[in-house]
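Given chain X, put chain V in place with the hints provided.
Protein chains: 2
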Amino acid sequence: MSTDHNFSVVGKSLPRSDARIKAVGAAQYADDIFLPGMLYGKLLRSPVAHALIKSIDTSAAEALPGVKCIITGQNIPKIKYGNWRLVPESQDEFALAIDKVRFIGDEVAAVAALDKDSAEEAIRLIKVEYEELPGAYSVEESLADGGPVIHDEYKQDIPNISLDRKIEYGELDKVFAEADLILDDHFTVHAVSHAYMEPCACVAEYDHDGRLTIWTSTQAPYFVQCLLASTMEMRENDIRVIKPFVGGGFGGKMEMRPWEFCAAFIARKIGRPVKFTLTREEELSTGRRRHPMNIHSKVAFSKDGMLLGKEFNVHLDGGAYNSMGPTACFLCGNFGAMLYNYPNYRYYGAHVYTNKPPAGAMRGFGAPQALFVAETQMNVAAEKLGIDPVDIRLMNAMESGDEIPGVATISSCGFKESLVKVAEMTDWREKRKNLKPGQGLGLGCYSFISGGVFNWFNTRYNFTRAEVRAFDDGTVHLMTMASDIGQGCDTVLRQILAEELGLQITDIRLTAADTAVTPQADLGTWGSRVTLMAGNAVRKAAQEIKEELFKMVSLKFDLNVIHDLRCGDGKIYPANRPDRAVSFGDAVRMAQRAKRGEPVIGYGSYTPRNKGLVTPAFSFGAQVAECEVDQETGAVEVKYMTTAHDCGTPINPMSVEGQLEGSVHMGLGYALCEQFIMKEGKTLTTTFLDYKIPCAEDMPPGVSVHVDTYEPDGPFGAKEAGEGLVSPTAPAIADAVYAATGYRCMDLPLTPQKILAGMKKI
Amino acid sequence: MSTDHNFSVVGKSLPRSDARIKAVGAAQYADDIFLPGMLYGKLLRSPVAHALIKSIDTSAAEALPGVKCIITGQNIPKIKYGNWRLVPESQDEFALAIDKVRFIGDEVAAVAALDKDSAEEAIRLIKVEYEELPGAYSVEESLADGGPVIHDEYKQDIPNISLDRKIEYGELDKVFAEADLILDDHFTVHAVSHAYMEPCACVAEYDHDGRLTIWTSTQAPYFVQCLLASTMEMRENDIRVIKPFVGGGFGGKMEMRPWEFCAAFIARKIGRPVKFTLTREEELSTGRRRHPMNIHSKVAFSKDGMLLGKEFNVHLDGGAYNSMGPTACFLCGNFGAMLYNYPNYRYYGAHVYTNKPPAGAMRGFGAPQALFVAETQMNVAAEKLGIDPVDIRLMNAMESGDEIPGVATISSCGFKESLVKVAEMTDWREKRKNLKPGQGLGLGCYSFISGGVFNWFNTRYNFTRAEVRAFDDGTVHLMTMASDIGQGCDTVLRQILAEELGLQITDIRLTAADTAVTPQADLGTWGSRVTLMAGNAVRKAAQEIKEELFKMVSLKFDLNVIHDLRCGDGKIYPANRPDRAVSFGDAVRMAQRAKRGEPVIGYGSYTPRNKGLVTPAFSFGAQVAECEVDQETGAVEVKYMTTAHDCGTPINPMSVEGQLEGSVHMGLGYALCEQFIMKEGKTLTTTFLDYKIPCAEDMPPGVSVHVDTYEPDGPFGAKEAGEGLVSPTAPAIADAVYAATGYRCMDLPLTPQKILAGMKKI
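Listed in order, the protein sequences are those of chains X and V.
Numbering-wise, the first sequence is residues 24 to 785 according to this note's numbering.
Numbering-wise, the second sequence is residues 24 to 785 according to this note's numbering.
Only chain X is shown next, with the shape it has when bound in the complex:
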């Protein structure tokens, strides 16, 4: 990676600040927290997919020694919650089921006991009488006439469609009438698991001052704080949410969840700390997942390959509750018209309830589905029109200055360069001509957002805020509610701050993600928002500090007002007189003197404004998968992955590399093997082995390059990295498999069985 900008800390592959503590095993995750007198909690989950709760008998469980508390839906406030606070009627969950269960795994009761065994035993002793109802286990069953109504108390225009969204611009019907090529395809994409290494866990403590503290494995401490407050009928700021180390989230930990409520509620009720830790089985059988979708995509091209328009109809299989479905429904429509210029576009998305574990936010969030469709159709069109897939993309690719109607104007954009680069690196045109039988080369591309704008959580705060305290010992302390969940923002934000102040990251102490002490508020880690948004806030806070210190240096050297001043190497100096330098610490000392003892503190906030309702900046990239398909077994081996991507300035290239590797892993699983096998709402694949998550040895080698852009709205030119990258892998692999076998996949995952069937071998 090269850059015209002369950065000192930004752009360097510095080791993560959490690397050592994690490597030695000293990092404390929520489950590592033990408090005196702490109880162990366990949830009773519904064994049936759709039923009325007729009665719950907890007497035998209560009689069990060691059991300290049992709660059911009858004990808790009848308050629904959900992340879409802006649309209160979308909030459709109770922390524990009241009257009705809607999926296998729906939380029915919670136990807290002296030990885990007693808690589990108590769960088994709770007797629940259910009156089973017919279930709907697919979009089709849910929307069929006379199908079961899953949320009967919540009025919907079409039963079980909890919400829908339309986007329309241009004259689509006109172009469909005139187009040279129309592709009209149905796709299905499946649910996959976040498969974060750390199952959800939390410890709640209610203190002697009437306040609640919860340590929880979350991506969004502020959401948990607010939603616990509403469901517990407490004031937000009587609740303190602390994010300990978190072992991955990928969108699966960005809501308040029932165990957080139950831990808090029981802790308050009986005055003892309570811990809940989910098992892997619970995570896989009842956890949030990527939205399965039924997609009908009709796309029109001119004969020379220009995109004329697209009609995009999506039914999201949302499972039993809305969860983050409204956003998925919203974003999928946006992603359907990104990456290329679609002059005419019509989207209809509907979020459909089914009696399955709810889908939620997941890395890429609408993009992997929309782009699997878009990229597959691009590859089909290229073939049908006799244009190289790279060329047809270059013709239609977005570039800087392009507008997505009603959404945004593209600022930095390295998409075309990514395409050119990836074609060069793979020797694309030559290699495609010389494929042996069973070999395939496929292309997939992506664009993604750098954080969202639409304020569905209805925060009253700026989207993010940073406080930077500068000290005369040459250190600074960064306080932010940005949440490192393994993606590395603790390091990245320190790099941004160090760069701005001319310090080293070792000069920076960080306190993050504690709602009681870090600045109000940050919306959390999702939508690839942290580097750009929290980074901008950090930079602004640092700039406040700089302004103050520059005055001191100016005073000390009696500088002319036109002098440019710089921070660098721990010093502050006039740009043209670096000999006249004051150390950072000495400048702070002067500033404190000048304020007669007041500390030197800078504040910065960031909320995207004048950026439409989607995002302030878009990332782009292209990926080529080289595969071999075993002609006998249909097994796909990905031999090599080549990626060129534009994430603006990579603040920490090694960290971006890590994101890319993780994305390839996740994309690989999505494309080829991961899936929830379900039977009437019951998840059968409840271990990683059955679920078929790729192993380390399944990972292909690969190479990637950063395409140089500088995002004017990002800190030091940075934008999204690592979430969008999950999208191109499935369409690239599917395209390679097509090249290798002639089977064009429009129904993920791409299992050997489907390939063999596609090859007419079975």
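Derived from the structure by calculation, the hints contain no laboratory data.
Each pair may be met inside one copy or between any two copies, as identical chains are not told apart.
Under the rule of at most 25 Å between Cα atoms (straight-line distance), these lysine to aspartate or glutamate pairs were calculated in the DMTMM-like manner: (1) K150 to E85; (2) K563 to E621; (3) K326 to E201; (4) K618 to D537; (5) K292 to D230; (6) K594 to D232; (7) K292 to D496; (8) K594 to E256; (9) K618 to D736; (10) K618 to E567; (11) K35 to D232; (12) K662 to D721; (13) K618 to E570; (14) K103 to D609.
Frame of chain X, contents of chain V only:
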């Protein structure tokens, strides 16, 4: 207590915010903290009072299983430390002795082991070869010609006088020549222990980010942070000091101490957390203590009882190191001329090294000694001049507007009212006439400072600072580095904040005394500084919030600019239109809207300015002790204590009451029984039983009244309470004993043996 001010929260005896958690045993003190992999530390202390260290052999100790680290003075940076950073040459301690030990208990080595037993065993196995030197165990021995030089590397004008102080004003020699009555007396006062319930303890952890955290039982986290930084050669802000619950300090926990250094140093050296907890025996035999003093006081009166002047010569027996001796030396001279108007005054104080455990700061700090002398001489003069002790005091008492030359002008002053009140309450004049044999009534008075001004620690920060975050849920969060060590400032500061904002204390979350997150900086809890100084900072921070919220209310109701606005009952409203009220939370919400999402935060700092070099405000009071002395045994029984005192507005009267009871207990022990019996530098009284701390059953009944004043420089009129109150008890009891026996004590403590000798019975 009554007041003209119409307070809602201030002046109310609200339960302490820490009452419940302490009552149920859930409060975590430093020794309650357990970290994974934590080691237990133990100190090796010198068994000899003055010696050169010739060699230390740790090999046998190191070979002991379970021993993980041993350090001696040879392993640590050769950096001296001490609280008087303003005068670097006064910093005379190494964390572990290097080359020389100076008292029995001087820290020589430290061990960290897997368990306490191994640490203790290892301490026994360390072999130290000493070359003993002659010791000086009293001021006389120390100042005798040819006495041992205790700090030979540190040049002194007079050997073993580490520092001295002079005060002089008026024409003292002239008034001595003209006075009608001159009292010329020698007094000795002894050392007593702080006897805090919680022995010192700390846990240090060096993290994987190169930073150190220490939880320590301290009154002054900032001091520990700074002095650890200098002795560990770290940057201040790479060190985080957290004050957990602290079980009393009384001045004994306001310095960095060797175990804090050793815990930190070993934690850094070997990468494991380390805990040190002192034993009661260590505390009593080696801990800091009140300065013993030899005092020569010559005081002149006119025949009508007017004080003409005073010459006050004090030798402080400082023990082996300066510790807080410079301040004691400074304050004793100030206290010698307080309470009454001394038109002419000369003070000489000298801090003398001896081979004993160092004396340090202790509740009252120079005042109990100076006032025992002043009050005793006042009682003697009253008798000699035939004036009632109350009357002679009233004639000379300071009052509002009086000036102490070079020190301060007295602002609020309820001294005369206290005297009148205590005389009324005890029926003083009548009761004194009707004493039976063995009965006595005695009077003692005090004045004290409300925090110090002279910046001996050389902080670069304001003396205290508060941050108040206001939330739209109607709560506020107070962040302060003020340290509650049991005296109750967590409650008092919340009362001040609640009063200012018209809230209840339950609306206030408090985060305190954590150098990494609470505002830089606060000097700590000592010198009765917290209520006034931190209270003022809190009030200023709250006023910033009010200003901002008042604008919102004004906007909402389109108020004329001249409207007075009020906070009360959780609302903000125009004073004359309370119906036009906005809830506090709604006003915050409006303010946030007006700032487009910025949080509502107020900051306040306080540093006394234009208040001289001693204190911004003085408390006053008078106390009468009623005693009976057993004529056979000389045993004194205090039958009743009556106190009238002026602490300005008592923020929490119940808390002041608690301070008073504690003061009586401490004053009782100081007057009658507590003492360190020592032999050649060795403390023989190493248990509370031997040391003779008064028990609950020794406590006399009593009554107290607050005399109403309003201190203009204090928050809501408050000033010092609870430290000055420790001074009047000893002179009052001694005066009562004189009345009962004819024995005038000028040599504390007032043991039965001395009384019997004074009565010529032995």
